[in-house]
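In case you want the letters, here they are:
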Amino acid sequence: MDLGKFLERSSLKLILLGIVVAVVGMALSGAGFVYSSGPDFCGSCHSMNHVYYTWQASNHKTVTCSDCHVPHDNILSMIYVKGENGMRDVYHEFLRDYPDTLYFTPKGKRITEGNCLRCHFSTVENTAMAAGGQSCIKCHRGIVHGQNRSPGGVSVE
Amino acid sequence: MNRAQKFLAVFLGMMIVFFGVIVVRVWAVKPPSTMKLSPLPAGEYDPAVWGKAYPLEYASYQKNLEMAASPTGYGGSVKVQKADMQPEIYTNFKGNPFSKDYTEDRGHLYAIEDLKESKRIGPTSKGACITCKTPYVEQFYKESGWGFANQPLNELLDKSKHPVSCANCHDPETMNLRVINPAFIEAMGRQGIDVNKASREEMRSYVCGQCHSEYYFEPGTSRVVFPWDQGTTPQQMYQYYAAKPNGFQQDFIHPDSKTPILKAQHADFEEWQNGVHAKFGVSCADCHMPYIRENGQKYSSHWMTSPLKNLDASCMPCHKDGTDQLYNQVKATQDNVWQLQHTAGLNVAKAHEIIAKAGNIPNANQAQLTNARELLRQAQWYWDYVAASNSMGFHNSVQELHTLGQSIDLSHRAIDAAKQAVGANQL
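Order-wise, the sequence lines are chains A and B.
Per this note's numbering, the very first residue in the first sequence carries number 1; after that it's consecutive.
Per this note's numbering, the very first residue in the second sequence carries number 1001; after that it's consecutive.
Hints were generated in silico from the structure; no laboratory data involved.
You can trust all of the hints, since none of them are fake.
Result set (SDA-like, lysine to any residue): computed pairs, CA atoms no more than 25 angstroms apart in a straight line:
{"id": "1", "chain 1": "A", "residue 1": "Lys82", "chain 2": "B", "residue 2": "Ile1022"}
{"id": "2", "chain 1": "A", "residue 1": "Lys107", "chain 2": "B", "residue 2": "Gln1325"}
{"id": "3", "chain 1": "A", "residue 1": "Lys107", "chain 2": "A", "residue 2": "Ile75"}
If you anchor each label on the Cβ, the simulated ranges turn out as follows:
{"id": "4", "chain 1": "B", "residue 1": "Met1014", "chain 2": "A", "residue 2": "Gly83", "range": "20 to 26 angstroms"}
{"id": "5", "chain 1": "B", "residue 1": "Asp1321", "chain 2": "A", "residue 2": "Val20", "range": "50 to 56 angstroms"}
{"id": "6", "chain 1": "B", "residue 1": "Ala1068", "chain 2": "A", "residue 2": "His72", "range": "44 to 50 angstroms"}
{"id": "7", "chain 1": "B", "residue 1": "Phe1007", "chain 2": "A", "residue 2": "Tyr80", "range": "27 to 33 angstroms"}
{"id": "8", "chain 1": "A", "residue 1": "Tyr103", "chain 2": "B", "residue 2": "Lys1063", "range": "22 to 28 angstroms"}
{"id": "9", "chain 1": "A", "residue 1": "Ser29", "chain 2": "B", "residue 2": "Met1014", "range": "20 to 26 angstroms"}
{"id": "10", "chain 1": "B", "residue 1": "Asp1321", "chain 2": "A", "residue 2": "Gly83", "range": "28 to 34 angstroms"}
{"id": "11", "chain 1": "A", "residue 1": "Gly30", "chain 2": "B", "residue 2": "His1319", "range": "37 to 43 angstroms"}
{"id": "12", "chain 1": "A", "residue 1": "Gly38", "chain 2": "B", "residue 2": "Phe1280", "range": "32 to 38 angstroms"}
{"id": "13", "chain 1": "A", "residue 1": "Ser58", "chain 2": "B", "residue 2": "Thr1103", "range": "48 to 54 angstroms"}
Covered stretches of chain B (chain A as the covering partner; in silico rule of three or more C-beta atoms under 8 angstroms from a C-beta of chain A):
{"id": "14", "stretch": "1021–1032"}
{"id": "15", "stretch": "1035–1049"}
{"id": "16", "stretch": "1294–1308"}
C-beta atoms are modelled at their ideal positions from N, C-alpha and C, and glycine is treated no differently.
The following block holds chain A by itself, in its conformation from the complex (with noise of 0.2 angstroms):
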């Protein structure tokens, strides 16, 4: 049976073959989407242990990791942004060559800090720091992967 004549006498079983695999296809990148933003899938890479540890005790724990980490501004360059930071995680976690103390990048620190204002522009909106051109984290530092909350050490077995 050739290719032709196959369509034809199913395609409107293909198509709801198509509809069924296109839902479901959405479903599952969804959900996917919003399991790979959260910190129990961030959490699960090796070289983040220390950085979810302290956002566990931070008072932040009800936000997650894309929630500061991933720009909000539109959904493309979230996907974007989300992409890249994914990709490059990976590439190093299967490399294992990440550094020892893990930093922003000046493009990383300038989406978290748009994400700081998201939630906590009403405080700033009045003062002079509306004006822009501050860093929030210069002065804010440690506020959610603080120092010394983490379990330490090497533990011997």
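Starting from the structure of chain A, add chain B where the hints point.
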């Protein structure tokens, strides 16, 4: 299968393999987060044997073989005479072996070699010197208590096959941290601290403090004693020495100024204890043995060296404002302390010269000369407390600058007293 199907099958297969390997490597087979214990028999002192069980730690320990200047230029692990940089050492330690040989010490692995090569020791040297050079001190103390301190050093050197190594700080059976220097255990005990009940975080400083501390040899027995009974600031330790503890009066009498001098020894643990890092619970090991990674496996670096050689692992977990800024801050602190330390040392040297001259003048007022010598003794102790330490003031810059300021003032007062002793125009 036609070509398209074959292509699709191969493509799918490759994708499954590719993502499969990533998933396995990243999520399924994670680097271990704990160390596997392999108990060693008590009395195993050979670091190479320990190294077979703990290869990562051993490899980093071997880095202590490196001989290099410290990043800021103060200290380091190259054999140079300290007097090259501060010639006042010749004057201030005249009559004491430190004026003949004051070599910068190298890493832990060279502890015995450096001791053997030092011109400060000779055939009459006492076994007490071995206390901080080898894990064999555990065995010596078990066999004869402090009796080993009066045995000839050469005999004990022959029995000590390994320098400062794993067993100095670790229990071979459990890998727990431990201290084996009896002088440290006794001194802590006199302050009411039982080191056997110390927390792991406290032990991460105690293991270093058991040797990086000020001490003296008890006259007669040569037992090593830490002068901490009244506290660990330079002032408190000077007070302790003023009472002539255990009959100990001085390390040597300066041949020119006739001043009884105390020789300070690397009071690093004491400096740190009174400093800001200790007050905030940061241990020696947090900075000098930071957590590092090899293939994702986290472990403690056993390369005990300047934290400035690995700022990223040592300082950055707390100070996140960039390595350059932090390095410059440390460098500036050390530059300031060095300038004042050098000034203090030169003033001490000048006081020795002037008191020596005054002592040679007949009819000098002896009471005032004694007073001048007491002021100089104190001035030299304060200078030496900082000069003999390893951090060039970093461990506690506020205290060290204050101590050096006091030293400079005391030297001036010693000089004034000597001048008064002989009449103003004689010197």
